[in-house]
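Participant: One-letter residues, chain by chain:
2 protein chains.
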Amino acid sequence: MSTAIEVRTPSANYTVHIGPGLLADLAQRIAALHTTPKAKLFVVTSPVIWSHWSERFLASFGGTQPVVLQVLAGEQYKRFSTLESLAEQLAEHGADRDSILIAFGGGVLGDMTGFLAAIYMRGIRYVQVPTTALAQIDSSVGGKTGANLAAGKNLIGSFHHPLAVFADIDTLSTLPENELRAGLQESVKAGIIRDRELFDYMEAHTAAILAGNHEALTRVIADSVQMKVNVVAEDEFETGVRMLLNLGHTLGHAIEAATRYEQLLHGEAIAWGMIAATSIAQKRGMVTSAQVERITNLVRAYGPLKPFTADVHELVSLTAKDKKNRSDSRRFILPVGIGDATVVRDVTEAELTVATEELFAQMPTREDLAEANA
Amino acid sequence: MSTAIEVRTPSANYTVHIGPGLLADLAQRIAALHTTPKAKLFVVTSPVIWSHWSERFLASFGGTQPVVLQVLAGEQYKRFSTLESLAEQLAEHGADRDSILIAFGGGVLGDMTGFLAAIYMRGIRYVQVPTTALAQIDSSVGGKTGANLAAGKNLIGSFHHPLAVFADIDTLSTLPENELRAGLQESVKAGIIRDRELFDYMEAHTAAILAGNHEALTRVIADSVQMKVNVVAEDEFETGVRMLLNLGHTLGHAIEAATRYEQLLHGEAIAWGMIAATSIAQKRGMVTSAQVERITNLVRAYGPLKPFTADVHELVSLTAKDKKNRSDSRRFILPVGIGDATVVRDVTEAELTVATEELFAQMPTREDLAEANA
Ligand SMILES: NC(=O)c1ccc[n+]([C@@H]2O[C@H](COP(=O)([O-])OP(=O)(O)OC[C@H]3O[C@@H](n4cnc5c(N)ncnc54)[C@H](O)[C@@H]3O)[C@@H](O)[C@H]2O)c1
Ligand SMILES: NC(=O)c1ccc[n+]([C@@H]2O[C@H](COP(=O)([O-])OP(=O)(O)OC[C@H]3O[C@@H](n4cnc5c(N)ncnc54)[C@H](O)[C@@H]3O)[C@@H](O)[C@H]2O)c1
Ligand SMILES: [Zn+2]
Ligand SMILES: [Zn+2]
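Top to bottom, those sequences are chains A and U. Each residue of the first sequence is one higher than the one before, starting from 1 at the first, in UniProt numbering. Each residue of the second sequence is one higher than the one before, starting from 1 at the first, in UniProt numbering.
Because the hints were derived from the structure by calculation, they are not lab data. If you're wondering where the values come from, they're calculated on a predicted model, not measured in any experiment. Do not rely on the hints blindly, as some may be mistaken.
[Claimed, not checked] Straight line, CA to CA, 16 Å or less: simulated EDC-like cross-link-like pairs of lysine to aspartate or glutamate: (1) Lys306(U) / Glu358(U); (2) Lys153(A) / Glu84(U); (3) Lys306(A) / Asp368(A); (4) Lys306(U) / Asp368(U); (5) Lys153(U) / Glu88(A); (6) Lys153(A) / Glu262(A); (7) Lys153(U) / Asp96(A); (8) Lys283(U) / Glu349(U); (9) Lys306(U) / Glu177(U); (10) Lys283(A) / Glu179(A); (11) Lys38(U) / Asp96(U); (12) Lys153(U) / Glu262(U); (13) Lys153(U) / Glu349(A); (14) Lys153(A) / Asp368(U); (15) Lys306(A) / Glu179(A); (16) Lys306(U) / Glu349(U); (17) Lys38(U) / Asp98(U); (18) Lys283(U) / Glu293(U); (19) Lys153(U) / Glu92(A); (20) Lys38(A) / Glu84(A); (21) Lys153(A) / Glu92(U); (22) Lys283(U) / Glu357(U); (23) Lys153(A) / Asp25(U); (24) Lys306(U) / Glu262(U).
[Stated by the list, open to error] Footprint (simulated), chain A over chain U, 3 or more residues, beta carbon under 8 Å: (25) 21 to 31; (26) 45 to 54; (27) 117 to 123; (28) 154 to 162.
A virtual CB, placed ideally from N, CA and C, is assigned to each residue, including glycine.
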């Protein structure tokens, strides 16, 4: 009962499999992808994921177990030093041009393993086995790989597509709830920018999705991936329509930077960003107040919208530094009703300041939250 | 009086310019390559090169000087840590997707700068301005970029073509003579494997070439580059004929590894490798004794063949580890007469052992050298 989505880009064709039970025959699925029987397999994973899932992961491999390389997960380890240590371990274990890496973990591990595959011996093959909602919905698809600099996130990387993606939704059962909810904000985004039916479905089935119902979760993840695949196929190297995927991200990245990635998860930050973008769109007459209410309610349903502390002016000035901006122009993605969006280049500092102030006005205070929990 | 060679590959088209005086209008030449007038330029160079050539390099830039980033040259600095420091400096100086890097130095700097361009923001543009014979003849052309691991040379990298290559032969005037001679061994190689006329020319004009005569040096470098360009165009990703470029390199790499890169320059090591390959080819009846003599004499003319200390058995076993070997097979490039070569897969350990022992038999001892100098 898994879903298969075909990705066709000018530089690669591959399949994204989504559903429960995929780990059960992972070895056979990977073997079917290539014709190099002696290819050595290397799993890159982290202690947390491995402690939950190593048994299920390894069960299908039988006599020829893969080499397991573990690194600490977490944004702060998504760095050159981790890549170098992984590359040295690959070399020590005799990885060659035929070897295949398997990224088994969240987006941090997936991005790093894909990048490692892109640069080890100038490019070897890899497979994505994402274990977070964010990685299954978003980061494992599209071919973007990379790591962080001290100067900023994802400032180094490559485009390098996997041989296949196996998103086993069973693995989400051990994911902390806030991580699940934050990842699903990317599906909310998918609904807003390109897929009205997904939006409707997420409205109607919130409880089932959040409870991990197999059918509901598979459908939401698959529809989100399909949306991203369509956009990436149109625009592999991010020069046009692919920018729409950044709805909520310009301000979201600013919030993450202003709070040093310590207060909010990525999805929690872009939830705020989507609300601000929707407000700007409303004032420009691009969405009705009824649409604003539906969008805001859906974002909240997969929330909670988590409070954070930051300075409005700092946030506004940080949006000007977003690396999506070539040279001087400042871009912003705005929804057009529900299921469509557009890129505008003339969002003013004043508009952005108002929209950001509104966020703080509707933000629950710590006292509100304490009361709600009491 | 410079020569322009067009490179056409499935993924990029660019021109390699070779000749004296190219630095004089470098800024204008780079400006003509792109249509992003606000593109920021960054030069990556080293203190040694910059001390000789900064004035000539900067003269053409006038009011908009490039940002200059300096790193120590040398194989031991061709590492992730240098790349990271360069990437952080790019980010601090506001490098964006429109920025252009200029690699100004030898092969170490060229490989690292090309790799940095390949991965900074998932790929920005760069220009090669090579300043060693090896970089002008070989490393700046072909799109291979990379860095070393502790586990081995060039184990990480990317294929990333420059916007153009400007090989100003004037810069070779400050290059130590042993570096010039070692680089020219790659031209000897080009002659042996694919260009009989280049071989003849290098035989007839040794003195002029080594003295840095403009016409002779431009011709030799240009013919060598043209040979490499033809081969790379046929085989961009190194799956077929491009392997011929490795004549002398299987044993050459083993010599470099066995001597920990401390005793010989790369070109000095492959000089020995070419002599060994020629001897194996002779015993197999692929070259006549007259051809062996011509090849050996030409290698010596651009020598001297520099003595080194290593164990024959270690050298032979190291050739089995060459990363050009996929999985189990062991490959070797052998000359076929002069101007042609072929890939064989069945060179035995015994053949290789004999050829390696012959090298030591003809190696001048330290006493011979002391006598020659006396
Ligand atoms: N390549 C792309 O196109 C793209 C797109 C979006 C985001 N990203 C990147 O993705 C990264 C974020 O990914 P993420 O949100 O998955 O973060 P993550 O990889 O850090 O995982 C989040 C946390 O969940 C834990 N975890 C993972 N799977 C688990 C499981 N099944 N059970 C229990 N715990 C589990 C991890 O140990 C970690 O602590 C960022 O670095 C971001 O830049 C990349
Ligand atoms: N990318 C490729 O296809 C390819 C091919 C062959 C070799 N390479 C790489 O090239 C590197 C070797 O290149 P190299 O031989 O140029 O070494 P290099 O870059 O280390 O330069 C050699 C020495 O010459 C000095 N130097 C450079 N230019 C000078 C000048 N004009 N005047 C005075 N001194 C100068 C440098 O400071 C250095 O000490 C190796 O790392 C090798 O892996 C790459
Ligand atoms: Zn996102
Ligand atoms: Zn070489």
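Participant: A separate judgement is required for each hint: does it hold in the structure or not?
Facilitator: Each hint, compared with the structure:
1. Lys306(U) / Glu358(U): holds, 14 Å
2. Lys153(A) / Glu84(U): Status holds; Cα separation ~13 Å.
3. Lys306(A) / Asp368(A): Holds. Lys306(A) to Asp368(A) sits at ~12 Å (cutoff 16 Å).
4. Lys306(U) / Asp368(U): holds, 12 Å
5. Lys153(U) / Glu88(A): holds, 12 Å
6. Lys153(A) / Glu262(A): holds, 14 Å
7. Lys153(U) / Asp96(A): Holds: Lys153(U) and Asp96(A) sit about 14 Å apart, inside 16 Å.
8. Lys283(U) / Glu349(U): Holds, at about 14 Å.
9. Lys306(U) / Glu177(U): holds, 14 Å
10. Lys283(A) / Glu179(A): violated, 32 Å
11. Lys38(U) / Asp96(U): holds, 11 Å
12. Lys153(U) / Glu262(U): holds, 14 Å
13. Lys153(U) / Glu349(A): Outside the cut-off at roughly 50 Å; violated.
14. Lys153(A) / Asp368(U): The hint is violated at about 59 Å.
15. Lys306(A) / Glu179(A): holds, 13 Å
16. Lys306(U) / Glu349(U): The hint is violated at about 24 Å.
17. Lys38(U) / Asp98(U): holds, 8 Å
18. Lys283(U) / Glu293(U): Roughly 14 Å separates the two Cα atoms, so the pair holds.
19. Lys153(U) / Glu92(A): holds, 13 Å
20. Lys38(A) / Glu84(A): violated, 25 Å
21. Lys153(A) / Glu92(U): holds, 13 Å
22. Lys283(U) / Glu357(U): Roughly 14 Å between the alpha carbons, so the hint for Lys283(U) and Glu357(U) holds.
23. Lys153(A) / Asp25(U): violated, 37 Å
24. Lys306(U) / Glu262(U): Between Lys306(U) and Glu262(U) the Cα gap is close to 12 Å, so the pair holds against 16 Å.
25. 21 to 31: That given contact is violated, which follows from only 0 residues of the stretch 21 to 31 of chain U lying within Cβ reach (below 8 Å) of chain A.
26. 45 to 54: Coverage by chain A is violated here, the residue count being 0 at a Cβ distance below 8 Å.
27. 117 to 123: holds (count 6)
28. 154 to 162: holds (count 5)
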